[in-house]
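Visitor: Sequence:
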Amino acid sequence: MASLYGINCFQTRTERAEDSGKTLPTELVSLVVQELLYDRKSLNTCASTCRRWRSIALPFLLPRLCLPDSINFLRAYQFFVLDAPRDGTGIGQSVREIVVDPHFSLSHLVSESSTPVWHDRHCMLAFLRAFPKLKALHCTLAVASLVSSYLPRSSITTLDLHGWRYDILSFTKLLRAAAGTLRSLTLKDIRFPKRNGGKVHTFSPLQMPNVKTLRLDSCDMPFTASLPASVKTLVIQREQVPAHTATDTDTGNLLSTANVVIVCRPTDWLRRSLQHTITRICVPSSIKHLELVLLGVGNIIIHPSSTLADHFAFLQEDGLEEWVTRLHKGGLLERLTITADRSHPPFLQELRDRFPLLQRLGILDIQTESPSVLAPPRLRDVVVDS
Numbered sequence: 001m002a003s004l005y006g007i008n009c010f011q012t013r014t015e016r017a018e019d020s021g022k023t024l025p026t027e028l029v030s031l032v033v034q035e036l037l038y039d040r041k042s043l044n045t046c047a048s049t050c051r052r053w054r055s056i057a058l059p060f061l062l063p064r065l066c067l068p069d070s071i072n073f074l075r076a077y078q079f080f081v082l083d084a085p086r087d088g089t090g091i092g093q094s095v096r097e098i099v100v101d102p103h104f105s106l107s108h109l110v111s112e113s114s115t116p117v118w119h120d121r122h123c124m125l126a127f128l129r130a131f132p133k134l135k136a137l138h139c140t141l142a143v144a145s146l147v148s149s150y151l152p153r154s155s156i157t158t159l160d161l162h163g164w165r166y167d168i169l170s171f172t173k174l175l176r177a178a179a180g181t182l183r184s185l186t187l188k189d190i191r192f193p194k195r196n197g198g199k200v201h202t203f204s205p206l207q208m209p210n211v212k213t214l215r216l217d218s219c220d221m222p223f224t225a226s227l228p229a230s231v232k233t234l235v236i237q238r239e240q241v242p243a244h245t246a247t248d249t250d251t252g253n254l255l256s257t258a259n260v261v262i263v264c265r266p267t268d269w270l271r272r273s274l275q276h277t278i279t280r281i282c283v284p285s286s287i288k289h290l291e292l293v294l295l296g297v298g299n300i301i302i303h304p305s306s307t308l309a310d311h312f313a314f315l316q317e318d319g320l321e322e323w324v325t326r327l328h329k330g331g332l333l334e335r336l337t338i339t340a341d342r343s344h345p346p347f348l349q350e351l352r353d354r355f356p357l358l359q360r361l362g363i364l365d366i367q368t369e370s371p372s373v374l375a376p377p378r379l380r381d382v383v384v385d386s
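Numbers 1 to 386, taken from UniProt numbering, label the letters of the sequence shown in order.
In case anyone wonders, no lab produced these hints; they're calculated from the structure. It is possible that part of the hints are untrue.
DSBU-like cross-link-like pairs, simulated, lysine-lysine; straight-line CA separation at most 35 Å [said to hold, decoys possible]:
(1) Lys329 - Lys173
(2) Lys173 - Lys188
(3) Lys173 - Lys232
(4) Lys135 - Lys288
(5) Lys173 - Lys212
(6) Lys173 - Lys133
(7) Lys188 - Lys212
Let the sequences and hints guide you as you build the complete structure.
Guide: Right, here's the structure in full:
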């Protein structure tokens with residue numbers, strides 16, 4: 001790990017080298033900056049060294065911009081749009097990911113500011129255009145709908161949508177606009193008004209040929225009949241499997257995917273079968289890699305008498321190991337990975353005891369204190385400081 005003293009030495013040498021027409025190799029500068037990935041103070045020092053160091057350090061300083069409220073958004077709008085240079089060399093080129101808090105309300109800007117930026121679609125478009133290399137946008141359906149026409153021409157390949165009882169026509173219009181460019185789609189807390197009889201409104205299937213990763217988190221919608229029929233990785237978290245999902249005989253509406261990630265927390269899945277959830281959403285025989293991610297294990301450790309099975313219901317599920325074994329022998333399944341966010345020897349032994357047959361077959365991997373194998377974590381947040 002490079003030190004501030006070392007950075008200052010590099011700074012002095014670089015300034016002298018630039019004065020004499022000699023500079024340090026870009027590869028060397030990049031290696032130094034990469035060593036400081038999580039050392040924000042040192043990265044700031046790098047960025048202030050010279051123009052070349054600044055251009056290399058800025059992508060590490062501002063990879064992910066978090067906007068928790070309207071005040072931070074207005075500050076960011078002033079910084080990235082109004083005060084930015086007009087020649088396209090602004091700091092916005094360093095931002096790859098923008099996160100707008102799902103609880104952020106558009107009406108807040110109208111009451112808190114004399115310039116309701118979110119209310120003005122043109123200003124919202126100007127804000128996004130300040131980030132020509134933006135790859136991911138995390139926001140509500142209402143915010144994303146303001147810029148749906150811009151998505152096909154943007155560099156955005158990851159869209160993370162949050163919503164609540166949203167208009168289904170606006171939702172489908174948004175996804176169709178982004179269908180050709182998206183690689184990753186997340187739907188969280190999506191709810192649609194129900195028709196008489198309690199059924200959710202359906203919509204025609206969406207053609208999204210480039211989507212490789214689909215994440216479903218607490219959705220109540222006919223996704224299996226309308227979203228892409230084939231994705232590489234499906235991530236399921238807190239998913240309610242409603243009555244309108246595919247039945248055992250209606251396999252035409254199931255997703256075909258090679259990788260499935262089930263994110264489990266304590267008290268989740270208490271009344272839901274893991275097998276039932278998977279078979280109602282995707283084709284089991286198409287799965288090559290199944291991963292169970294256990295979150296909140298650290299909170300269970302404080303109870304000496306607790307077992308994992310007391311908190312994660314799939315460990316009590318009858319026939320789970322036999323079902324996975326059948327998928328391995330008769331389908332494409334090559335690996336079952338269980339990832340726990342904390343390490344605790346008794347719990348590790350409990351997992352091994354629960355799946356002895358899978359261990360003998362050599363298809364069970366257990367890892368602790370590691371990120372998901374199939375669904376890597378997001379980058380750290382950066383809030384615009386005053």
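Visitor: Hints first: check each against the structure and report whether it holds.
Guide: Hints, verified against the model:
Using a Cα cut-off of 35 Å, the hinted pair Lys329 and Lys173 is violated, with the two alpha carbons roughly 42 Å apart. For the proposed pair Lys173 and Lys188, the alpha carbon gap of about 18 Å is at most 35 Å, so the pair holds. Simply put, Lys173 and Lys232 have alpha-carbon atoms about 24 Å apart, close enough for the 35 Å limit, and the pair holds. For the proposed pair Lys135 and Lys288, the alpha carbon gap of about 28 Å is at most 35 Å, so the pair holds.
Only pairs whose Cα atoms come within 35 Å are accepted, and Lys173 paired with Lys212 is accepted, the gap being roughly 20 Å. This hinted pair checks out: Lys173 and Lys133 have alpha carbons roughly 24 Å apart, not beyond 35 Å. Simply put, Lys188 and Lys212 have alpha-carbon atoms about 17 Å apart, close enough for the 35 Å limit, and the pair holds.
Checked against the numbered hints above, the structure breaks only hint 1 and satisfies the rest.
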